[in-house]
Amino acid sequence: MTMRSSLRYLHRGEIRDVSHFGPMTTLLDHLRLERGLKGTKEGCNEGDCGACTVVLGRLVDGHVSYRPVNACIQLLGQIDGEELITIEDLAASDGTLHPVQSAMVDLHGSQCGYCTPGIVMSLFALYQADGPVGRSEVTDQLAGNLCRCTGYRPIVDAALSACAARTENKPGDHVASKSAETAVKLASLRDGADLFVGSQTSFFAAPASIESLATLYHQHPDAILVAGATDVGLWITKQLRQLPKIIHLGRVVGLAEVHETADGLTIGAAATFSDVEAHMTAIDPDLGEVWRRIGSKQVRASGTVGGNIANGSPIGDSPPALIALDATLTLQKGDDTRKMPLEAYFIAYGKQDRKPGEFVRSIHVPRLKPHQVFRAYKISKRFDQDISAVMSAFRLTLEGDFIREARIAFGGMAATPKRAHGAEKALVGASLADEASWAAALAAIRADFTPLSDMRASATYRSDTAAALLEKALIEIAGTSTHATRVTGHRPVSEAAE
Amino acid sequence: MGARLFGASVQRLEDARLVTGRGRYVDDIHPAGVVHAAFVRSSLAHGLIQSIDTSVARTMPGVLAVYVMSDFAAFASGPLPQLAPHPLIQGPITYEPLASGEVRHVGEAIAMVLATSRAEAEDAAERINLDIEPLPVAADLAHALDPDAPKARSERADNRLATLKTAFGDVAGTFARADHVLKETFTVHRGGCHSMETRGVIATFDADDRRLEMWTSSQSPYLVRRNLASYFGLDESAVRVRAPDVGGGFGPKAAVYPEEAAVALAAMMTGKPVKWIEDRSEHFLATTQQRDQIWELEVAASNDGRLLGVRGRCLHDNGAYAPYGAILPATALGSFPGPYALEALDISIDIVLTNLVPTTPVRGASRPSVAFVLERLADRVARHLGLPREEIRRRSFIRVEQMPYVTGTKARDGSPISYDSGDYTAALNLVLDKIDADGFAARRAEAASRGKLLGLGLASCVEDTGLGPFEGATVRVSSRGRVIVTTGAASQGQGHQTTLAQIAADALGVSLENVSVEAADSGKFPLGISTIASRVAVTAGSSVELAAQQVRRKALKTASHLLEAAEDDLEIENGVVFVKGASDVKVTLATLAQSLAGTAGMRLPGGIEPDLAATAYFESTALTFAHGSNACEVEVDPETGDVRITRYVVAHDCGRLINPLIVDGQIRGGVIHGIGNALYERMIHDDQGQPLTATYADYLLPMASEMPNIEIYHLESPSPRNPLGVKGAGEGGTIPAAACVISAIEDAIGPGGTFLRHHPISFEEVAGLIDTRTI
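Just so you know, the protein sequences line up as chains A and B, in that order.
Taken in order, the first sequence gives residues 4 to 501; the numbers are from the working numbering.
Taken in order, the second sequence gives residues 6 to 780; the numbers are from the working numbering.
Source of the hints: derived by calculation from the structure; they are not laboratory data.
Think of the CB as a built atom: it goes at the ideal place given N, C-alpha and C, for glycine as much as any other residue.
A hint or two may mislead.
Said to hold, decoys possible - To spell it out: a stretch of chain B is covered by chain A in this simulated footprint if at least three of its residues, at any positions, have a beta carbon under 8 Å from a beta carbon of chain A; those stretches are: (1) 48-56; (2) 194-204; (3) 382-391; (4) 423-431; (5) 661-671; (6) 686-697; (7) 706-719.
What the hints assert, rightly or not - A short list of chain B residues far from chain A (calculated; beta carbon distances all over 10 Å): (8) Ala147; (9) Glu160; (10) Phe445; (11) Ala571; (12) Glu644; (13) Ile677; (14) Ala772.
In isolation and in its complexed conformation, chain B is listed as follows (with noise of 0.2 Å):
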């Protein structure tokens, strides 16, 4: 039997709830008799809490209680667990779940008011007060190093949290006998995440069973059990989280907070279901943003144009906790050499303390920055040697004959990175093919008829999906013959109730409809890890794979003995086993279920073990590599330097697709991301670390209109890493984007024009850079 489902665009199996409301997030849930949560917050980026008063607070309407994390000392003290040591990360570098001592950005929780309703508890939150002692503020990122700059941290001697490094070749031999040798210095923004809902949390505690409960937004509902266990001294086994519908994660609600902590700590004192709904201001102060950079490189390249070596120090922005480690940084490191197949690498980054918010991974992680400043540097070789931006990838890319290709690098668990499969030169040719790049100069002159400018831009990158260890699956047949998939991967928007069940369909011949997935529920599957990384189709797809087949194979064993035919003369379909060419010799899947379901006194069938079940985890030993190239246009008005996007197209190549609407959907929305990254989303902050950018009328997300059609083509190259031949699919549409629109406002300029150096550009920079005067 042929795969029937899997590569198909079926319609998703969420959907109806979706579009109908039907949605259940965390706000959605209303335990009885739950009360509501608000925290007050620092309103300074860097100070000494010296009185929180609490006293007109307790007496407002509704209120229940205040708490200072003083209050919770019978059940927790002092900082929070780290998420993912790191042997370089020394000293308690975690959040507390309410600050006690020092605050150190703008929006850390200090206080927590519980009332009868949100409502009640935030006017009440209004009404604390705060005397907070201002110490002097690390807020610039390119001097937070030198030695007389405030530290960020008072206990620590500087703001230097660890300096990680990766390294292959012959560098300094490589540099000396390149014909040359560019350096330029780099710039990549921190922005925001943005998921459309906020994060959330409800707590229930039973205090005489000691089991606490909660529903978070989150992507790592298992990271929030392992580690508010470990915090609280529970057994796992007594936490139970669960992820409900998420409203988009994008990489911050894989983290976990202080608030999540803060909630549940409410809860053991109260015996009180607590719930809080994080406010959209509160997300821009507390929730973890993206990544301040700069990256100060040198480039060597040959005479024809390859790229030989790249080495140089990137400055990274952690802010002021490291609640994941050194997480988004090593990202970094893991991205080169990208598609490059380059001699010699030697890339030093510093991760730099602030008293901003934590910076951990959003949407590609610091892949879209590595992309950057690679592709960057491309287009910087291709100016300087005088040769088509296309010619320098072509000679430079890591060619598939060289597949798999041992890059030099280092996985996480120190193993060699080697990169799986996958034709780079094809995706190149073939985003060229669609975007008409031999058309481009006449398209250019039509512009210039109009007075605007019009700009080609080019940008590729090689992303490492389906990190391991594992997410894990159990796929049961129900005593009506439901295929049910548990899985402890979370969903935020990827369709995995969808995707999970084509596979599970496939493999055990019933409708889609037959499916039904549940996930990221710790008490009825075991263990997880997280959605993140681009990791889900392999990890937790594959997992489905094997536990179907495997219950596959015992229906079939079962079917067996209960037809009296031979294994292999049976066959599935819709549900039914049957014999083949006697298919009124048949026994459905819910009958088999329920004879290994077990009847009082009965025998099983055959000897065979119970349930219609089996558990896999499909243990993902080394990354798969997905990668990609991107073409698009811009079109300028040199008067006011608007920028408009007029054509997008996407040449993307993550294996075997599970369902293209689906990948087409994650792909197209990660470009746009891109996109915000390039021109729109900037959250400033002043030199004091206030941000100055904290509503969606100041910080500008991409919206409709101005949002081109992205189009996307794909190549297949499967991975042998893992029995779907599937690579993830999440991030590589943002990773590549925002070099590509900056390589093409570079274009549109011209080649006598300024080379661009960071992201976002403002249109008031673009202005500033055209001279008008010799348009």
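Bound conformation, chain A alone (with noise of 0.2 Å):
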């Protein structure tokens, strides 16, 4: 296998190489120090507020794919092989505005002007995605990004006007203009080399297959893996931890894959959770709902299903969802595999079932089955990019009006993801059509769990909502009510008129 010690990227149309830099440098870091480019800005280098994003292009299918990203929690190995756009780069030499930055002026979408460059790019990758753009895909872009001065509805405004007026090849648009060239050079790009960069004590590396990765994470058992580094940009920004040496999945070949079968779908460990929204929402419209809100598009364009679940994060909205689905994980330590329900790998709050050396290969989710239903709702204060309070998912497996069986996992209620083992057995041979008998369920769910207080919720609020949630997936289910009661469900967004 090949070796390349230095990362390359493409920029304004040139190839740029960087042969020395830190493991744990961002992007954002890069730009605004090395590369003296200080437009992108720094509002709180957690991956929160979008003042930083970028957008990042890849090739899919033989088109660049743009997206956008956190630069300050995006670490400068993971954009090898790829286009970086930034918000000096969307104007015309000649100073003539995109299409995005006009409908911003005109309909006074900036103010103070420090998160406009991030929301800029948000709403430029938006621009270069196909398809129709209403208000609620521009409410959904801008998840990832926080202003204070507009009371967003002139940012939103202009996107939708931006994008109305777009049409197939995108004028005053010279980024879709060059995208053929682009495609090119980024394909050129694409040589299937290990990339290292660094020491033996101190590298990013970013192998290119399985085989490299499994190797060298065996040779350096105390390297720390990455996938998107949205978890993992925290502890260099935010915890100041010292991250020596760091190996990437993104470029491992077949990693990011997610296969399609009869029974479900196999999501390698570095498909990011944007990867797999279509496939999420082909399986269940609110498991697409679930996926809309983990994060934002920021976070979603680089985080990993499975470095959501590798890291054992407590608040991760996607693993109960995964878990009612009776979603089951592979592991990986050198050549040898083994295989796990997915919840059996939360064992304790930060603690999972996966030894040194060992990395998430890919979690299997299978597809419901004929007579299987399934509801997902999340409860935060804020719909978009906030942590849960409570979060719940059931898979129910009908046999006419009677239940014959039941998978129902909570977040927020337990240190770890957890199932309500309790209420499930009390559901079996209930009937929809007879509400009584839900009433062991009912009470056993309060029983299953002993939930904490915190800023987010009180224990009884937990405990109450998580009854409420089981009762109002039984009443959804039974179909004696609609969509519109959902909690999680598509909130309809204002489209009032001016």
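Since each chain sits alone in its own frame, please combine them into the complex, following the hints.
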């Protein structure tokens, strides 16, 4: 296997080669301190405010696909082989503003201007994507961008205005007009070589194959595996931890693949939340809705399903949903692999069943069978980019009106994502047509958990809500209520006239 | 010539830079040889520093110096000067640049590391060991004045910093005669600032000239200059302070901070440029916050629904220091009686010290809390009397024919406050009409059919704006004919470069593109106060108008001399002075500027003073009063307490509008700030003063998807108190917003529900207030 010792990325049509950088160098520091590109701003340095949003382009099926990322918690090494676009790059060389920029000026979308570069970049990524753009698409796109001045509405209107005027060849967008050229250049960067920058004691590595990854991690079990860095980035910027050895999973061929099979979906450990969003919606709209509210576009574009599980984040929204669907996890160490039910992986708060040198290889998510129904609800104080107070997921297997099997999993109710075994058992044999038959399960679910009180919710609210959500799921599945009563569900965004 | 640009929604001159990433904020400035500072901060809310071990930190890579307060002895000692002295506030109550003895809140800076990079400075700061002996913590405002309460500051006898009072009328008589007296206790929460740009400062010091230069992300560069010059014993002329682009201010950036002094001291110690950029975590710990207040009030009302009097007391949490004197609580007193024609008022405010971050004005200062309590009292009386909420207001408002209306309260300078103009009832009626209050019952029924509770909220306010004494401006025509406006007033996104240019362009007959505004640089303009209290349009705007009109007269006089035509026969358009009806007899402003710039050995035309320029300081001697009414609808999910604002309508009157696009932006952003205060933003501390919500994952700012469209309607009652007829617009969106949202939630819960007495309100609390069995 060939080895490459410098990072390469495409910027302004040129391939840049970076052979010396510390493994913990963030993309934001690279831009501001090393490249002198100061348009990208630091607002929070933890991936919450989006002021540092830049856009990365990569080849997907021969076309360049653009996604916004938070440069503050993106490691420089992660962008190997990609195109980088920053706020300085959007206007034409004669100074003509990009349509998104013009619309922001026309509609007064900027006041102090500090969040503006990040917002423009988020909207630029939306502008690049195909498909109709309504208010809901725009606010989804802005779920990772904070603005304290404008109240957002002029920004949303600017996005709608720019995207409405967009035609297929995207006039005024010199990024789009060069996309064929860009695709060729990006293809030229695909060398299949293992990237290793640094020394045996301090390095950033991005192996290109599973074999190289397994070998390297076996040699350096003390290295930190990084997929999206949406969590590890904070270890660097907020906890000020020293991480001298970093192995990035993003270039491992096959590790980001999603395999569709007849019975389900196998998600490679390096697949991002964005990569699988459509697959999840295809399994069930509620699952898609859970996905839509995980972090933000920026976080979903970088963060991976595998990383979220591997880190055992106690606040992740995906594990309860995947546990309810009976997902299984495959771990690998060296050449050995092992499988386990996802819920078995989470042992205790901050403790997972992963051995030194072992990494998450894939997650298998079974599709719903014909007699199975699914519901998921997220309860949080804020709709977007907020940690759940209670996250719930239900999969019922039905036989006519009768419940033959129930899998119920909750987040926010215990130190780990956890099943409601008592309620599951009590539901077996209950009838959707007979509300009285639910009583045992509604009582049991309160005994299944002993939640804590914290700033997000009290223990009482959590217990009450858990029971209420179970009841809501049963009512909905029984067919006596509609989507309009859903808590998680498409919250309509006001289209009210001006 | 009529105004062409004043009143027009012209696009902002700032934006081309900002949308392309060419804004230049403090962190974007890199003086050659700059070194970076990081601070070590107290992890305890109250304690005595026993020792600071810097030995390891000094050996860390890239570290140039580590400082504690005693290291600065050659240049400075003791606490910083008081920014806004108040006769009732005794004793030093300001920060030292670095705490040397007692620390009084979590996050107080104790030591400082200088290194060649910010990362190295932060890493070394982590390795400084502090030994702090814990002291009892005063973190509970409600009990901070109890006799046995822990003291926030050991040197003081108790936690009462001062008590402020305001009163008018026959209070005892009014309450004795009133048909109804109701008593309520309200609490409002401190919350934070959260400009998207954190604080930041760069200092350089020339030891030979003893000149200090600073860039700081501040609303008050001139206060920074005054304060630090005084502290360091330098003449103000030896201190230059600039505020470059500032990424939002909202109040806290109006204060002068210990870090500003410490960074300046580090520059003096090292002779190198020193930069410090506040981390977002530090912003949560060390940037001043809003205000926890507890109000115990009584309202007197008549049978026919008139509010007659308000009396009571407020406990105001000022935190551990008073860097800004008593301004925040004082704005509370100045906000009474709101829009109501009260017969009597008696309010006292106890300014209480706690071991939390100091509170200083944030967007609206104490005005939103006073609007909250007054509007809640109006709703309380409506509920008590069974009258519609709007009727209480119509019957109690000051009427347009009473203008100017002397309220009975006093301004900061002791002069009687009088409202200048405005039709409060018209604003109320307008907002009710626009939200279709008549159709509300039908909408409520429709929501009920979907299992949701709909509520209509209402709130009104009066806002004192245009705080004196002045912001000045120089208007100068350059030799190329550009109009350069120079002012001390700093901008944090309010669009001054555009609005001030509109005023100057109109006066001088030039296009907007030919005007540049340079602001907030003490090296370019001699004096300034601060961009606070919705005051810049009134003060700086009027000064630009006065100066530009002087320049216009001077241009006409000079042109009259050069063209041999009477001044009255001249007109200015597109930068050219010409004779009316003979437009080929002309001279450009550029030529006039050149002729007044002088030529060696030649006389000036017509004996006119050199320089086609003028400076004016409009003195705002009396406040101007903006006002407005808001109405909103909320939809509540009874199962979870989830609150969604479905409509929000604003009727607002800030006098003449310079630029409606910009005014609407100010109002809209302000309303969202208030919605954040009502529903999302919660700065939680535990009983030991430890902050529990110090990231954006825990402290929730409003985000795009949940923010309603803010429908804005303007009334224009020109102020007679300045040449432009303008009033301030920066805070009028925020002031009534929390009151309006809470009023709507209460309405959604229903007439039999709990009367709401606080904000923010969580969805969990809302759920707890709804008896789902009755739905």
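Note to self: Please list, smallest to largest, the hint numbers that this structure does not respect.
What the structure shows: 1, 3, 4, 12, 13 and 14
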